Structures are given as C-alpha cells and as structure tokens.
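A.B. asks: Here the sequence shown is numbered in this note's numbering, starting from 1 and rising by one per residue.
Just so you know, the hints here were simulated from the structure itself, not pulled from any lab data. Quick caveat: nothing in here was measured; it's all calculated off a predicted structure. Ideal placement from N, C-alpha and C gives every residue a C-beta, glycine not left out. Watch out, some of these pointers could steer you wrong.
Stated by the list, open to error - Quick list of the computed label-pair ranges, beta carbon to beta carbon:
| no. | residue 1 | residue 2 | range |
| --- | --- | --- | --- |
| 1 | Glu219 | Lys264 | 36 to 44 Å |
| 2 | Gly124 | Ser253 | 39 to 47 Å |
| 3 | Gly244 | His182 | 19 to 27 Å |
| 4 | Arg233 | His152 | 17 to 25 Å |
| 5 | Gly47 | Lys169 | 33 to 41 Å |
| 6 | Leu235 | Asn117 | 38 to 46 Å |
Said to hold, decoys possible - Straight-line alpha carbon distances no greater than 30 Å define the calculated DSSO-like cross-link-like pairs of lysine-lysine that follow:
| no. | residue 1 | residue 2 |
| --- | --- | --- |
| 7 | Lys140 | Lys201 |
| 8 | Lys198 | Lys101 |
| 9 | Lys169 | Lys101 |
| 10 | Lys234 | Lys58 |
| 11 | Lys140 | Lys169 |
| 12 | Lys264 | Lys49 |
| 13 | Lys170 | Lys140 |
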Amino acid sequence: MQKFLLWFIQLSPITKRWFWRVWYNLFSKKSKKLNFKLMNYGYAKKGFKIQLLDEDEKERYPIQLYHHITNQIEVTNLDVLEIGSGRGGGASYVHRYFKTKSLVGLDISVSAVELCNERYSEPGLSFVVGDSENPPFTEKTFDVVLNVESSHCYGNIECFLSGVLRLLKKDGFFLWSDFRSHQEMKDLFDLFLSVGFKIVKEEDITRNILLSLERLSPERERHINKQVPLPFRKLFKSYAGIKGGGMYEAFDSGLLVYKCATLKKII
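Full structure from sequences and hints, please.
C.D. replies: What follows is the structure in structure tokens.
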C-alpha cells in the first residue's frame, strides 16, 4: 500500500494536492479527540532545552522545531501568517511565547481549522481555511510568513512561493522548514533565489530531526497501536517518523535531508 500511495502522490501535482487534502481532513476527523496539538517531526539538540509552561511540556520536541525556526528573527509585535497550520499548536506557541501582534493560521483542512477555532481563544490568534497556493489575503499584509514541514504536500511550489512574496510587506521574512531529496532541495533553494528571496540563513537539521524522532517514537508508536487498525499501522508509523520506519530510515541513510531557512523578500 505504501508503494502505491507514493506512486499516486507523485503522479501529478493534482493527485499530490488531492491526496494530502483528503489525508489531513481524514486524519483531523479521526484524531479530534486526541490531545496532541502538533504533528511535525520535532527538533532536539544536546544541551538545547527551551523553557515551557507545564501545559506545553508534553509536546516539547515539536514545539522546539517552531522555536528554532522562529527564533532566527525578531517577530514580537509583528503580523505573522502560518501557511499549513495543522492542529494549531505551533501557531499558538509562537503567538503566546514570541508575543506577535497577530498570527493567522491558514490550512486547507476544514476539519483542522474547525478544531483550532474550537480549541484556541487567545486574542490576536485566528485560523482560516485556504489554499496554500492561492492564499485569501490582500498583498503586503504580513511582516512574516511561517511554513513548517508542510510544503512537500504542495502541487505547485513556485506558485506557493510567489503567493508568499505577494503577501509579505517590503523587506518581510519567510521562515521555512521541510524535507526533500538532495536534488529536490538544491532545486528548491535555486527557486527561492529566482522568485525573489535572499537566503539569510540555511541550515541542515537532519540530525536534530532524527534525535527528536528517537525520543518521540515510543509514545507515537503506542498511540498508533492503540488508535489505528492493524492493516494501516505500518503506513502510519512510517509517516509519523517512528524509528525503524520508512521516513526515519530515509533521513538516517541520507536519502532525505531536512533543512530550515530564513529568507528575506528583496523585490
């Protein structure tokens, strides 16, 4: 099944977008009763431990990924958009801890946005349904656009990046992280430059992702064994980054690389 899904996702931009939209809507509906607020692979580093409230401690590693990416620039009192906000935990963390003026979370999943609007009530934090490749906002609305472990799902990455540029104010920043094969990553960074970004910082954090997944794996595997029917567990464990699964091994072998970047609008 996993091989078929990989073939189907890669068949065309249309099938890629359709699959991820259906997948995340289904996942959001099935996991609505679960308490976790973030779905990324996390970030861990020896000696690195940010201060968290007790209520956030259980999702330390996924939160630390948001912290590492956002902490590259000053976002206090700025207007921030997160594209691909998922279950909203990252947007909530950035808004609360970094004290943004406003933070809007945009996601293609209706179920995820409904969940976020039920769960979060902080002033200045909101969530809307929208397409990452055609965000429903006027140009030059945001100081910062945040995109964490989401862009691998998009059908047309150039269209997405052009949209980010359109939404950013003059000299605005795009804070990004995600994974690709080595050639795809090179092509993507070339595209960053060609569409109108300056690369302020580029960092390979694959080893930090692997360390995080090692620490997250026991609990994630327990949840999957409890919640997911047996025929689908291997697939879920792979996408969840469980140690020994397909995604974990792809990172560990070097087949996939995970990077984060700070990009500045220059056009």
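A.B. asks: Confirm or reject each hint.
C.D. replies: Against the structure, the hints come out as follows:
1. Glu219 with Lys264: 36 to 44 Å: Roughly 37 Å apart at Cβ, these two residues keep to the hinted range, so it holds.
2. Gly124 with Ser253: 39 to 47 Å: holds, 43 Å
3. Gly244 with His182: 19 to 27 Å: holds, 22 Å
4. Arg233 with His152: 17 to 25 Å: For histidine 152 against arginine 233, whose Cβ atoms are near 22 Å apart, the range 17 to 25 Å holds.
5. Gly47 with Lys169: 33 to 41 Å: holds, 36 Å
6. Leu235 with Asn117: 38 to 46 Å: At 29 Å between Cβs, range violated.
7. Lys140 with Lys201: Roughly 23 Å between the alpha carbons, so the hint for lysine 140 and lysine 201 holds.
8. Lys198 with Lys101: holds, 25 Å
9. Lys169 with Lys101: Holds: lysine 169 and lysine 101 sit about 15 Å apart, inside 30 Å.
10. Lys234 with Lys58: holds, 24 Å
11. Lys140 with Lys169: Judged against 30 Å, a Cα distance of about 4 Å means the pair holds.
12. Lys264 with Lys49: At roughly 28 Å apart (the allowed maximum being 30 Å), lysine 49 and lysine 264 satisfy the hint.
13. Lys170 with Lys140: At roughly 7 Å apart (the allowed maximum being 30 Å), lysine 140 and lysine 170 satisfy the hint.
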